[in-house]
Every structure is written in structure tokens, then in C-alpha cells.
Amino acid sequence: MRVGVLALQGDFREHISALNHCNVEATEVRRVGELEKIDALIIPGGESTTIVSLAKTFEIFEPIKKRIASGMPTYGSCAGMIMLADHIVAAKDGQETFGGIDITVRRNAFGRQVDSFETDISAPAISSTPIRAVFIRAPWVEKIGKGVEVLASYEGSDSKAHAVAVRQDHLLATAFHPEITDDYSVHRYFLEKVCK
Amino acid sequence: MAQESGTSRVKRGMAEMLKGGVIMDVVNVEQAKIAEDAGAVAVMALERVPADIRAQGGVARMSDPDMIAAIQAAVSIPVMAKARIGHFVEAQILQSLGVDYIDESEVLTPTDYTNHINKWDFTVPFVCGATNLGEALRRINEGAAMIRSKGEAGTGDVSNAMTHMRQIGGEIRRLTSMREDELYVAAKEMQAPYDLVKEVAANGKLPVVLFTAGGIATPADAALMMQMGADGVFIGSGIFKSGDPQRRASACVKATTFFNDPKVVGDASRGLGEAMVGINVADLPAPHRLSERGW
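Residue numbers (the working numbering), protein chains in the order written: chain A, 1 to 196; chain B, 1 to 295.
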């Protein structure tokens with residue numbers, strides 16, 4: 001299986017390195033030609049507004065959207081979760097997403113950088129031990145549609161639990177960044193369970 | 001389960017998310033929106049861009065909190081702001097405003113000619129300028145979570161950015177080829193903590209993200225710095241002191257992502273109108289060189 005990481009902006013190198021730790025080679029994807037050569041995609045952390053703008057300019061936005069809709073296994077972390085959500089709130093005016101997961105995601109829901117944090121979260125479907133989760137200006141899932149499985153939740157500043165890891169069929173999204181820790185269980189889950 | 005904020009991983013991680021991006025200086029809401037529309041990964045909110053600070057002279061200080069708050073309200077991308085070197089109260093104010101990153105910047109008039117801010121005291125992360133590896137490691141030792149090579153701000157002359165990137169890169173490469181017993185003297189000579197020197201020697205890179213700043217005025221300048229090993233670029237006066245800021249901003253974003261593709265960088269360079277006029281760094285009298293501030 002050939003895995004690509006969308007490399008328009010953000011921490012794509014960290015995702016490639018996490019995949020390498022799982023003994024999977026990964027390629028950087030910026031062009032339609034590179035997209036055509038892969039079987040699965042990771043959308044990294046970064047600025048979702050920048051990623052959308054570059055994807056549109058270099059005409060890879062619609063091709064990615066189509067591949068995701070037609071079943072390409074895809075995982076998105078943080079900005080990647082925003083990109084995979086069907087609906088977003090607190091977004092830039094008119095901000096579009098690739099979509100695919102029937103959720104509404106609130107951008108920067110956990111607050112600004114001074115509110116960013118790391119913690120251990122429990123996600124039994126992914127790992128039997130707690131996962132170190134780093135939330136950076138992180139989004140959360142506000143509404144969940146049918147067919148979306150919640151893999152982990154975490155309490156926000158509103159004292160309510162919000163989904164922070166979700167799966168719908170061939171699509172996986174986390175509000176946190178496993179790629180900047182040395183815990184590869186989310187990447188393994190993506191490769192072994194979601195990509196199958 | 002315990003929730004920890006302001007850890008090194010959270011601070012440095014924020015900079016990781018900015019990689020491959022352009023951070024633009026903006027002085028008002030309108031410019032901030034242009035920057036966001038053009039695909040900037042963050043904006044630096046300040047009252048005067050470096051070129052104006054240079055032209056107008058006087059003491060340059062932290063911006064008015066009202067101006068910073070207005071920009072925070074106007075855009076969804078991260079907002080950074082500058083504090084004077086050593087002015088930890090300006091930094092406390094910026095943290096209380098909820099800015100996403102503080103730049104302890106030589107572009108403003110320094111407050112303390114001996115010490116920098118103890119950045120470990122803060123939850124908000126800091127970026128600091130450096131002209132060489134020793135300076136970068138001293139800043140990291142004080143808690144900086146991101147480094148930018150200084151260049152010479154407000155000139156539109158990229159030559160000092162080049163010098164500083166070559167200097168930092170060259171010193172890192174030299175460390176990686178040293179025997180372990182030589183690293184002690186290397187640390188002494190570059191006036192940097194031994195543990196950080198050892199870490200850089202082992203990994204062949206800084207422990208934090210390295211951006212480039214100071215004098216970048218064209219898409220080609222941005223791509224040049226990326227090819228020199230920068231993780232991303234700061235563009236200060238270069239965008240909003242040019243003829244067509246909107247187009248130039250978007251062109252620099254494209255060139256930063258596709259820095260290895262001359263065709264993209266070339267296309268992005270077409271029809272941008274006038275670049276900022278600029279000043280040759282060589283013509284600047286020594287007291288006006290901002291990159292020499294920092295110790």
C-alpha cells in the first residue's frame with residue numbers, strides 16, 4: 001500500500017516519520033500526479049485556511065475531494081480533521097473542506113495557543129493504554145451524524161465532553177497531534193484497521 | 001487525567017504547525033484580512049513595519065493592545081505580536097491578550113542590554129531572532145520555542161538573511177562532524193549550553209523550528225530561504241510596502257510551498273508590480289543595523 005501525506009503546508013514531515021516508524025514508506029503529495037500514485041492519504045496539522053487556499057490554486061482540491069468520496073482511506077489530524085468534516089463553524093468566511101465525515105467541527109474550539117495543552121486520553125479502539133494527545137489551537141467535534149464512530153472524547157472549557165477522535169468507514173480524524181509524540185498507535189490503527 | 005499547558009512540546013508543536021508557511025507583518029485589520037486571504041499561516045500584529053520604524057526613528061515599543069485585539073477579532077489564523085528584548089512586562093501583557101506567539105524582537109528598541117526575557121516563565125511560546133548557532137541556542141536555553149534567523153529587517157535586502165542562514169546551517173554541519181570530546185570546546189566557543197550543543201550535534205538540526213526573516217521581498221527570496229533550509233518565512237515590510245500587496249502576498253505563499261519548482265516560483269513572480277524600494281544593508285551605518293541587537 002502506498003501512503004501519501006498532503007505536503008502543501010504544516011507538519012507533514014512528522015507524519016512521514018511516524019509512518020516510517022510503522023515500517024511504511026510515505027510520499028509527499030502536492031500535485032495531482034502524486035495523488036494518483038497513492039492508495040491512502042494523511043492530511044497533516046497546519047493552518048486549514050492555508051491548505052485550502054494552496055489546494056485550490058494548484059488544482060488538487062477537487063481531485064482530493066473526489067478520491068475521498070470514492071473510498072480512499074484518509075486520516076486527518078487537527079487541520080486535517082477540519083478538512084475532513086462535512087461542516088465547520090468558527091471558520092473563515094466561505095472556508096471549504098474536502099468533507100467525507102458527517103460531523104460539524106468547531107475550529108480553535110479549545111481556545112488560542114495559551115489554552116493549548118497535552119494530556120492522556122483513553123481511546124480503547126485504538127490503544128489499550130492511554131494515548132498522549134497534544135492539542136494545539138485544537139478543534140472539537142460539535143455534532144455527529146449517523147454512521148460516525150466516536151473513538152475518544154475530551155472535556156472542553158464548557159465542561160462538556162466533545163468527540164476528539166472519530167471514524168466513519170474509510171475516514172479517520174483526530175483533533176490532536178499524535179505525529180509530534182512517539183506514540184504511533186493512531187498511525188498503526190489507521191494503517192491496520194482503517195486502510196483494510 | 002492531568003492536563004498540562006505551556007509544555008515545551010505544546011509550545012514547539014505550535015511552531016511545527018506553521019512550517020512551510022509565510023507569517024506576515026500587518027498593521028491593521030484590513031492588512032490582516034488580506035494576509036489571511038492570501039494563505040498566510042499567521043500574522044504579526046504591529047503598529048509600524050520595520051521599514052517605517054527605520055524611516056521614522058524614535059523608540060519602537062509593543063503595539064497598542066486595542067490594535068492587537070482588533071486583529072485577533074478579524075482573522076481566524078494565529079496572531080503574533082512583538083515585545084522589546086528583555087521587556088517582560090510587555091510580554092506579560094501580550095500573554096494576557098491571548099496572542100498565539102510572542103516575538104522578542106530586535107526590531108523594537110531593546111529594554112535590557114544584558115538579559116533577554118526568561119521565557120520559561122510564560123505559557124505563551126516565544127520566537128527569537130539569531131544570527132548564529134550560539135545565539136540561537138542561548139535563546140532556546142532561555143525558553144524560546146522557535147527561532148528565526150534575523151536578517152536585516154526593513155531593508156528588502158535579503159543578503160543578511162542569507163548570511164545568517166549560512167552561518168547557522170554551517171555551524172550545525174560542523175558540529176555533526178565533531179568528536180564528542182570536541183563538543184565541550186565548541187560549546188565554550190559559541191557560548192552555548194553544552195547539552196544543547198550535544199543535542200544539535202546528534203540530530204543535525206535545531207531542537208526547534210527555524211524560520212527566516214529580515215529583508216525577504218520577493219517570491220524568489222522566499223524560495224531561496226526555503227532551499228537554504230528554512231522551515232518557513234517571515235515577511236515584514238516586503239508585502240505591504242510593495243505596489244500590489246494582495247498579489248505579492250499570495251505569490252510568496254505559493255513560492256514557499258513550491259520552493260523547489262522554479263516554474264511555480266517564476267510564474268508567481270510575474271506581474272507583481274513594484275517591490276519595496278529597499279536599502280542596501282552595506283549602506284546602513286552600524287548603529288542602524290538591527291541584527292546586532294541581541295546578546
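Honestly, the hints are just simulated from the structure, not real lab data.
Be aware that a few hints might be false.
[What the hints assert, rightly or not] As a list, the in silico SDA-like pairs of lysine to any residue whose alpha-carbon atoms are at most 20 Å apart:
| no. | chain 1 | residue 1 | chain 2 | residue 2 |
| --- | --- | --- | --- | --- |
| 1 | A | K56 | B | S76 |
| 2 | B | K33 | A | V89 |
| 3 | B | K33 | A | L35 |
| 4 | A | K160 | B | A2 |
| 5 | A | K92 | B | A2 |
| 6 | A | K56 | B | R247 |
Note that this is a predicted model, so its numbers are computed, not measured.
Report task. Find the hints from earlier in the document that the structure breaks and name them by number, from lowest to highest. Result -> Hint check: 3 and 5 fail, others pass.
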